[in-house]
Amino acid sequence: MDLEVLEVSEKPSRTPTELVAIVEALIFVADEPISTRVLAEVLEEERDSIQAAIEQLQSEYEGRDSGLQIREIAGGWQLGTRTEYHEEVRKFLKTRPNAKLSLASLETLAVIAYKQPVTVPEILEIRGVQSASAIKTLLDRRLIVAKGRKEAVGRPMQYGTSKDFLVQFGLKDLSELPSIEDFEDLVN
Amino acid sequence: MPLTETILTEKDEQFSFDFHKETAEIMSGGTDELKIKLGEFAGPLDLLLYLIRQEQADIFDIPIARITEKYLEYIRLMKRLDIAVAADFLVMAATLIEIKSKMLLPRDPALAADDEEMEDPRQELVDRLLEYEKFKSAAGMLHERSTIEAAIFPRGPIESDENNAEIDASVFDLLTVFQKIVARHVDEVKMEIQREEISLADMIKNLKARIFEFGEVNLLEFFEEMHSRRELVTAFIAVLEIVRAETVKLLQNKTFGDIILRKV
Numbered sequence: 000m001d002l003e004v005l006e007v008s009e010k011p012s013r014t015p016t017e018l019v020a021i022v023e024a025l026i027f028v029a030d031e032p033i034s035t036r037v038l039a040e041v042l043e044e045e046r047d048s049i050q051a052a053i054e055q056l057q058s059e060y061e062g063r064d065s066g067l068q069i070r071e072i073a074g075g076w077q078l079g080t081r082t083e084y085h086e087e088v089r090k091f092l093k094t095r096p097n098a099k100l101s102l103a104s105l106e107t108l109a110v111i112a113y114k115q116p117v118t119v120p121e122i123l124e125i126r127g128v129q130s131a132s133a134i135k136t137l138l139d140r141r142l143i144v145a146k147g148r149k150e151a152v153g154r155p156m157q158y159g160t161s162k163d164f165l166v167q168f169g170l171k172d173l174s175e176l177p178s179i180e181d182f183e184d185l186v187n
Numbered sequence: 000m001p002l003t004e005t006i007l008t009e010k011d012e013q014f015s016f017d018f019h020k021e022t023a024e025i026m027s028g029g030t031d032e033l034k035i036k037l038g039e040f041a042g043p044l045d046l047l048l049y050l051i052r053q054e055q056a057d058i059f060d061i062p063i064a065r066i067t068e069k070y071l072e073y074i075r076l077m078k079r080l081d082i083a084v085a086a087d088f089l090v091m092a093a094t095l096i097e098i099k100s101k102m103l104l105p106r107d108p109a110l111a112a113d114d115e116e117m118e119d120p121r122q123e124l125v126d127r128l129l130e131y132e133k134f135k136s137a138a139g140m141l142h143e144r145s146t147i148e149a150a151i152f153p154r155g156p157i158e159s160d161e162n163n164a165e166i167d168a169s170v171f172d173l174l175t176v177f178q179k180i181v182a183r184h185v186d187e188v189k190m191e192i193q194r195e196e197i198s199l200a201d202m203i204k205n206l207k208a209r210i211f212e213f214g215e216v217n218l219l220e221f222f223e224e225m226h227s228r229r230e231l232v233t234a235f236i237a238v239l240e241i242v243r244a245e246t247v248k249l250l251q252n253k254t255f256g257d258i259i260l261r262k263v
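Listed in order, the protein sequences are those of chains A and B. Numbering that gives the first Met the number 0 puts the first residue of the first sequence at 0, with every later residue one more than the last. Numbering that gives the first Met the number 0 puts the first residue of the second sequence at 0, with every later residue one more than the last.
Don't read these hints as lab results, they were simulated from the structure. All residues carry an ideal CB built from backbone N, CA and C; glycine is no exception. You may find that some hints are simply not true.
[Claimed, not checked] Result set (PhoX-like, lysine-lysine): computed pairs, CA atoms no more than 25 Å apart in a straight line:
1) Lys248/B - Lys207/B
2) Lys162/A - Lys248/B
3) Lys204/B - Lys253/B
4) Lys146/A - Lys207/B
5) Lys93/A - Lys253/B
6) Lys99/A - Lys162/A
7) Lys253/B - Lys146/A
8) Lys253/B - Lys162/A
9) Lys248/B - Lys262/B
10) Lys179/B - Lys248/B
11) Lys146/A - Lys135/A
12) Lys171/A - Lys253/B
13) Lys135/A - Lys114/A
14) Lys99/A - Lys253/B
15) Lys207/B - Lys262/B
16) Lys179/B - Lys135/A
17) Lys262/B - Lys204/B
18) Lys99/A - Lys171/A
19) Lys135/A - Lys253/B
[What the hints assert, rightly or not] Away from chain A, derived, C-beta distances all over 12 Å, residues of chain B:
20) Ala41
21) Lys69
22) Thr94
23) Leu141
24) Glu148
25) Ala149
26) Arg183
27) His226
28) Arg229
29) Leu239
30) Glu240
Build the full structure now, drawing on both the sequences and the hints.
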C-alpha cells in the first residue's frame, strides 16, 4: 500500500539527457504532430523542461547535419526529412509531388485563410470570379472545412481552413501567416 | 503569365494565338477533343491587373479608355476562339464601359460647385484591384510554402496509416458515397415493379439493430444491399437520421476510404 502511494506521488526523475531521448522517441512514434502539452502530460514533466528538451534535440539534429529535422507544425512537433534530400526520398518512396493547386484554387484558399469564416459571396467579392470549382477542390483535398452558416439572408455556408491546411503549408498556427497588410507593401 | 491562347480543334490541330502580336498559327496537336486553355488568368481582376502592367500604367491613374479597349479585345478574342466567356469577365467589361462613360460625361456644374472633390469613377475599381492584388500575392506565398512542405516527409505516410486518428466523415463524404451507388443503379433498373417498400421507420430500426449487433456497419456495403432507388434513398435518410440522433458516429479510416457507422 505504502509502496503504491510512493510510486504515484513520486515524480519521475530523469536526467535532462534521458528526457531529450524520451521526447525524441515519442515524437518519432507519433502519427501526428505532438504538442508540448501532450508530451508534458504523458511524461509528467513541466512544459518548460519539455520545451528545453525539444530545443536541445533540434540543435543536436542541426549540429550533426542530420537528414532529419524537428519542426513545429499545426500546434505540435514533428520529425521530418530535410528538404535538401527530397529527391532521394521521393525516388525511394516512388512518390510524385501532389498535383499542384491551380491559381484559382490558391487564390480562393488565400481568401479563406485570411478572411475566415468566409462565405462564397464574400470570396466572389474579392476575387471577382465564381469560385465554386475551386472550393470543391479545396474541400476534396480537406484544406478547408465548412464552419457553419452565417446568420445573414439566405444563411450562406461559411468556410475556414482545416488542420490539414496547417500541415500541408507547414504552419504552426494561423497566426504564423504573414499579415495580409504586409502584402500591400510588397505590391506597391 | 502565358500569353498564348491555345485551342485544339477537332481536326487534330492546335490553334495558337499570340495576343500581342495578333498573329495566329496552326500547330499540330494530338487529341480529337476540343480542349481549351485559356491562358492562366484566375479571373477578370487578374486579367485587368495584367493589362495595366502591360500598358505600364499607374494603377492609381488607370487610362480607362485604353485599358477598356484592351480588355474588350481580349474578350473578343476569347469569343472568336469559341471559348465560352465566363460571365464574370463580361460583368467586368460592363463595369469598365460604365466607368469610361462616366468619365466622358461632363460634370454636373451644380454638383461640382457643392462638392469640390467628387469621387473618381475609377476609385471603386482601384480599391478592388488593390484588395485583390494582396490576396494574389498571398496565394503566391502559399504556393511557395506548399512547395517547400512537399519536400519534407514525415515518418510514414499519414494518409495510408491505419492507426491514424479517424477522420470524421462529413455529410459531403456521405453524399459522394451515395452518388456513387445511385450512379451504379441507374443502368440496372430498367423497369420498376410495384413492390412493398420498406418504410423509413423500419429502415432505421433495421440499421440500428445491425449497428447494435455488429458494433459497426460499412455504409458502402449497406447501401449496396438496397434493391431500388427508393430503398436507397430511404436508407440514406435513415443514416442521416441515426447520425443526427448522435447514437452512432460516422468514421472514415483514411481519406476517400469507406465510411463506417459505429456505435458511440
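Results for each hint:
For the suggested pair Lys248/B and Lys207/B, the alpha carbons sit about 12 Å apart, so the restraint of at most 25 Å is met. With a CA separation close to 20 Å, the supplied pair Lys162/A and Lys248/B stays within the 25 Å bound. Restraint check: the Cα-Cα separation between Lys204/B and Lys253/B comes to about 28 Å, which exceeds 25 Å; the hinted pair is violated. Taking the CA atoms of Lys146/A and Lys207/B, the gap is about 29 Å. The hint is violated against a cut of 25 Å.
The suggested pairing of Lys93/A with Lys253/B holds, with an alpha-carbon distance near 20 Å, which does not exceed 25 Å. Between Lys99/A and Lys162/A the CA atoms are separated by roughly 19 Å; this keeps the pair inside 25 Å, and the hint holds. Only pairs whose Cα atoms come within 25 Å are accepted, and Lys253/B paired with Lys146/A is accepted, the gap being roughly 22 Å. Among the hinted pairs, Lys253/B with Lys162/A is consistent with the structure: their alpha-carbon atoms are about 15 Å apart, no more than 25 Å.
For the proposed pair Lys248/B and Lys262/B, the alpha carbon gap of about 6 Å is at most 25 Å, so the pair holds. Under the criterion of a C-alpha separation no larger than 25 Å, the hint pairing Lys179/B with Lys248/B is consistent with the structure, at around 21 Å. The straight-line distance between the Cα atoms of Lys146/A and Lys135/A is roughly 15 Å, inside the 25 Å bound, and the hint therefore holds. A C-alpha spacing of about 23 Å is found between Lys171/A and Lys253/B, which places the hinted pair at or below 25 Å, so the restraint holds.
A distance of roughly 18 Å separates the Cα atoms of Lys135/A and Lys114/A; the hinted pair therefore holds under the 25 Å criterion. Between Lys99/A and Lys253/B the alpha-carbon distance is near 21 Å, which keeps this suggested pair within the 25 Å criterion. Taking the CA atoms of Lys207/B and Lys262/B, the gap is near 9 Å; set against the 25 Å cutoff, the hint holds. For a cut-off of 25 Å, the pair hint linking Lys179/B to Lys135/A stands: about 17 Å separates their Cα positions.
Straight-line distance between C-alpha atoms of Lys262/B and Lys204/B comes to about 14 Å, which keeps the hinted pair within the 25 Å bound. As the CA atoms of Lys99/A and Lys171/A are separated by approximately 22 Å, the hinted pair is consistent with the 25 Å bound. At roughly 19 Å between alpha-carbon atoms, Lys135/A and Lys253/B fall within 25 Å of each other, so this suggested pair holds. The claim that Ala41/B lies off the interface is violated: its Cβ sits roughly 4 Å from the closest Cβ of chain A, which falls inside the 12 Å cut-off.
Interface exclusion of Lys69/B from chain A stands, the closest Cβ pair being 17 Å apart, more than 12 Å. At the 12 Å boundary, the C-beta of Thr94/B falls inside the reach of chain A, the nearest C-beta of that chain being 9 Å off. A cut-off of 12 Å between C-beta atoms contradicts the statement that Leu141/B is not in contact with chain A; the least separation is 6 Å. Remark: the non-interface label on Glu148/B conflicts with the geometry, its nearest Cβ contact in chain A lying 4 Å away (cut-off 12 Å).
The beta carbon of Ala149/B sits about 5 Å from the closest Cβ of chain A, which is not more than 12 Å, so the claim that it is off the interface is violated. Against the 12 Å criterion, Arg183/B stays outside the reach of chain A, whose nearest CB is about 21 Å from its own CB. Separation of His226/B from chain A is adequate, the least Cβ-Cβ distance of about 31 Å exceeding the 12 Å criterion. The claim that Arg229/B lies off the interface holds: its Cβ sits roughly 28 Å from the closest Cβ of chain A, which is beyond the 12 Å cut-off.
At the 12 Å boundary, the C-beta of Leu239/B stays outside the reach of chain A, the nearest C-beta of that chain being 16 Å off. Every C-beta of chain A lies more than 12 Å from that of Glu240/B, the closest at about 20 Å, which supports listing it as non-interface.
Of the hints listed earlier, those the structure fails to meet are numbers 3, 4, 20, 22, 23, 24, 25, in rising order.
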